[in-house]
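Protein sequence lines correspond, in order, to chains A and B. Read left to right, the first sequence gives residues 8 to 309 (the numbering used here). Read left to right, the second sequence gives residues 59 to 1045 (the numbering used here).
Simulated from the structure, these hints should not be mistaken for laboratory data. A hint or two may mislead.
To be verified - Incomplete in silico selection of chain A near chain B, CB under 10 angstroms:
| id | residue |
| --- | --- |
| 1 | 90 |
| 2 | 174 |
| 3 | 176 |
| 4 | 183 |
Claimed, not checked - Here are the simulated lysine to aspartate or glutamate pairs, EDC-like style, with alpha carbons at most 20 angstroms apart:
| id | chain 1 | residue 1 | chain 2 | residue 2 |
| --- | --- | --- | --- | --- |
| 5 | A | 305 | B | 804 |
| 6 | A | 305 | B | 827 |
| 7 | B | 270 | B | 689 |
Ideal Cβ positions, reconstructed from N, Cα and C, are used throughout, including at glycine.
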Amino acid sequence: MSEGHAGYVLPELPEPGGGEPGPDGATPGYRARHTLRLRVELARQLRRRRTQVALGLLAALPLLLLAAFELGADDRNRRSGGLVDLATASGANFVSFALFASASFLFVVVVALFFGDTVASEASWSSLKYLLAIPVPRHRLLRQKAVVSGVLSLLGLVLLPLVALGAGALWYGVGELATPTGEALPFGTAVFRLAVAVAYLAVHLSWVAGLALLLSVSTDAPLGAVGGAVLASILSQILDSITALGDLRVYLPTHYSFAWSDVLTAEVDWTDMARGAFSAVAYAAVFLLLAGRRFATKDITS
Amino acid sequence: MPHDGAWSPTVDRVAPSPRSRRTLALVAVVVLLAGLAGVVVWTRSGGGPPPVRTRDLRIDVADGPGRDQPVQLDATFYLPQRTPAPAVLVAHGFGGDKDAVAAEARELAERGFVALAYSARGFGRSTGQIALNSPDYEVVDAQQVLDWLSRQPEVTTDAPGDPRVGVTGGSYGGALALLLAGVDPRVDALAPVITYNDLGQALLPNAGTTGKLTPRSPAAGAFAADGVFKRGWAGLFFAAGLGPGGSTAPKGEAPEPGQPRTGEPSPTTGPNPRGTRSDRPGGPQPGQPGQPGQQPGQQGPATCGRFRPEVCQAYVEVTTTGRASAATVELLRRSSPASVTERIKAPTLLVQGEQDTLFGLDQSDATARQITAAGGTVKTVWYSGGHDGGNPGPSVRRQIADWFTFHLRRTGPDPGEGFEYAVQGAFRSGGPTIRTAVADRYPGLEGAGAGDDEVERRSVGLRGPAQTVLNPPGGNPAAISSLPGLGSRLSGSGSGAAALAGGLAVDVPGQTALFTSEPVDAQVLVTGSSRVRLRVSAVPGQPTTGEAVLFVKLYDVAPDGRRTLPGNAVAPVRVGGLPADGAPVEVTVTLPGVVRPVEAGHRLQVAVSTTDQGYAGPTAPAVHRVELAGDGQLSVPTVPGRRAAGNGTPAVPLLGVGVVLAVVVLVSLGGAVRRRHLDNVDEELTDVPLVIRDLSKSYRGGLKAVDGLSFRVERGQVLGLLGPNGAGKTTTLRMLMGLVRPSTGEIRVFGHRVLPGVPVLSRIGVFVERTGFLPHLSGMDNLRLYWAATGRPAEQARAEEALEIAGLGRAVHRRVGTYSQGMRQRLAIAQAMLGLPDLLVLDEPTNGLDPPQIHHMREVLRRYAATGRTVVVSSHLLAEVEQTCSHVVVMHHGRLVAVGEVGEIVAGGEVAFRVDDPELAADALRGLVGVGTVTPDGQVVHADLGDLPRSAAVAALVAAGVAVDQVGPRRRLEDAFLQLVGEEAVE
């Protein structure tokens, strides 16, 4: 006993033998498939400030846009019939504008954040090795983290249009969705189509998720993983804007990033979205498999 | 799977060693980039258009009523790669010449046609005078050009003297195509572009009729007699024939679907740069007779330029009076396709522009009705340009070539007889704003093969009181609706300027009556010519001329009040026979044909003005009263269209998605199966907490962190892993946890071989190197979440015991980020002890603890082992190990230096005597019974006393006269360790 140290009390430790170890040597009560359940990982991530801030920003963005439009509406010099008028034509138009505004960068950053940060931040906190020592099998750890990151990304992806829809419908009404090419969709149809657009975006962004996860297992610096994925997306967008590259651009992962806008027509042309989905899924599959392989064989030294 | 090629080189995995793997990766990237560059170069250079040969030539023809006036036509022959081939005659627009259509002709030759472009009489280097597509002049010339074509070996013929030939052309050239096809049955297909049906109606339109309107097609105009002179355009038209300047053809190309809208002139690019037609400066220059290329003796008055006298005379008459005489009407009628359309049997592709205040949609509408009524076949395409909006873009030109491909070569897909129209969105945005809508047929046509159905019309209620409008003396100031000839010059892409002008339309107050609808509740896509019935009357007591000239416009009014005049178009109406007593005359007005999506919330507005700058209105002052007639409905035509391209489910990419997902699932399943067979257990060792055999670990770069390490730990031991920093202790512990893969050798925990994530690791509690907590959570939450992550039952955690050991008190509820190093350390040890694991592995556990805590920790560990569990502790402090551990493994440079019980190593049987005379002492000790080896070492003598008590040895030494300073156990461990540390210090 540590006499003189009232703060320390040595507990009585029971003898070992709460049950026989399993045939695989596991301690009683341990099941690999029970480790790091989604609920637990979700709780771990949801309590992080970065998760709260990211989701909060996504929810706040439509309101910021709304405020900007309302403030800017007083400007007598603004061009009538332009983008702002299109965006505020109806609640559905407002959602579509919010999606356009967020699709190429904000959503990429958010997905890269959730996927790039997930393993790398554990590594940077050194908590990764303790999770692996539980042991959470590596493939399972990666899978659970990927699933939770996916859930959070989806949450963000749905949150923004939902808030935009609520605010837009309240402010600009539930009229028809007017498109730049002069079509009009009834509000109900438009909402359904926008949901399809969000679903496509989710599929499309899977390549960012895959790349971010690959970088996340490759580095102990969360910023590097997130930034690397965002950088790759920007690079791809720049290359995509070089028309001289011609048909080669279809191989760029961001080439079909706006294919979802095809749903905002009376008759939907699925061609580009199908190609975009294939491109994204193929990239994501390669990145995910590489990430899984890399993580399974990697020496954890953090 | 078109994407395969893009990444296949990057998943190359051949490399055996890290260094060569990097090199290979670099090589792969370089090869990939080089390949990409190669493909770029190849696709840029190899995919060019097929070569086209050209031949400049002159064709001699004889025309005039007696076919006796010789004219030489300047022509260029464009020959495709393979001949003989069907021919296409490419006629130019008014004011242009054969070079103006060079790009079109070349493009057709690239598509495999023999193309012939020639300058019409009076234009370019052709001789003769302009007769305005007269059947006696230009049409006869064209027929003789067909004769010439039939004699060329490069041209396919249907019969001797009958070439397989199509005709196309824009504006003036398009009318020639129609006139030629009406006169000459040898024409097999034609594609007139932005041209007129009735030149009289185009230049002197009257869109209001008191009679009944019979046409049921979307863009039918009233085409009433005694129209209002379209002064602005007519002047440009005439000026273009005066000198070698000013073409009336639009400049640049109209925007097409998929192109982003730009507000600036877009430089036209491509293998055949379009827009190379010379936009000669100076413009029309009246009063300069005797231009090059004119025959002597053909000069008339200087004001007539290169026009034939009768044409010039008609123009002068109309401009000066504002009205057309019977002779002029007859001249214009003979020059109009309307005179021959019932004889056109060749399939006709009518391409008309939606931005065209010269030849509006009503012109092609009339042509389509007339041709189909007589049994001909017609397809109608409305594109986004026109005389105000630009030439047809690549996709419309492709459609024209497709038309000829199908109808002249009988190959390729059937373009059908339907209807396509371009829709320009009402909003400006960065992306494409134009789409093409397709309908199965052009509604309202009669005759075989045509739909014989009426265009859908929606009624939109207009409101507005009867209003009085005045015509100012001299017709000035006048309202502005369009800028004839400038629309397409302001901007190469056309619609930018058109939109600009559409927003700039100005009505003069007092001259305009407005009738406005309620906001539409759903989008109305106006597709063609709306109709409205108006009641016009003179105002008793006010000036009147017995007739009213009114200009009727259809505005799209946004919720903010902004008005847009779609197509910049205006419908002029001349209402005659107004009684001076104010009795009204009812007139049905066909508004200009437009395609315009009127968005929900927008209003439609009909504006009726007395003036328009583009027209020659009456100069006498007058006052009219204008009101809505009947129920005040605006009848708006709509043509339901579907998307132009690419419908249906794209099966291939979706199949690709399925394949990719299947591959991922297969790979994952394969991994799961492989992991299932990883368990490797040595049954004899299931009771031994830890066995390490020949363990080595080399890091990249050749550093050997652990080298041939072997030892074994039994139950109940507290094993100290002792070694200086860098000895390989932490690496060994990491390998024990499955975090780092051993290079060679193996680790067995309770008999199970350690691999990453094997279940046996659940029997180990660990704290290695740094603590790992989520800084934003409290210590308590960290432990709770950690245990939750294990998935084990909460009652197994024994969290109370662990927390008692940590001794954090209330601090356990604070964020870990606020903890001191020692607190984190204790929390980490508590975490390692959660669930009371059979094997507890702690790396430098007392680092950062203060002495009482260290003392406490030692007690904890001893007690922990006393329960039959096992503890492995690493340390670089000898005293630490000595006081805590029962057993010790000494490591240095990754190698095992010593191993054994601490007591055994520390005490053994040997005793060290510090004496004044070592030699004497050694002799004395050797003399004792049971004493083993005796070795003097400086002032110290080491002796193995065996069972002999130390007191007896001391007594013997004292008896031998040796002064004994100190007696103690010989510290072999310390010796060994100090030696190591010493080496380290030397290094």
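Compare the distance between the alpha carbons of residue 305 of chain A and residue 804 of chain B with 20 angstroms, and conclude whether the hinted pair is satisfied. Holds, because 18 angstroms separates the two Cα atoms, which is no more than 20 angstroms.
Hold the hint about residue 176 of chain A up to the distance rule: shortest CB distance to chain B must be less than 10 angstroms. violated, 14 angstroms
Is residue 305 of chain A close enough to residue 827 of chain B, meaning Cα to Cα at most 20 angstroms? holds, 18 angstroms
Given residue 90 of chain A as an interface hint, is its Cβ closer than 10 angstroms to any Cβ of chain B? holds, 5 angstroms
Identify whether the interface hint at residue 183 of chain A stands, where standing means a beta carbon of chain B within less than 10 angstroms of its own. The hint holds - residue 183 of chain A has a Cβ within 10 angstroms of chain B, the shortest such distance being about 4 angstroms.
Mind checking the alpha carbons of residue 270 of chain B and residue 689 of chain B for me, to see if they're no more than 20 angstroms apart? The hint holds at about 17 angstroms.
Please check whether residue 174 of chain A passes as an interface residue: C-beta within 10 angstroms of a C-beta belonging to chain B. violated, 19 angstroms
Figure legend: structure checked against the earlier numbered hints; hints not met, in rising order: 2, 3.
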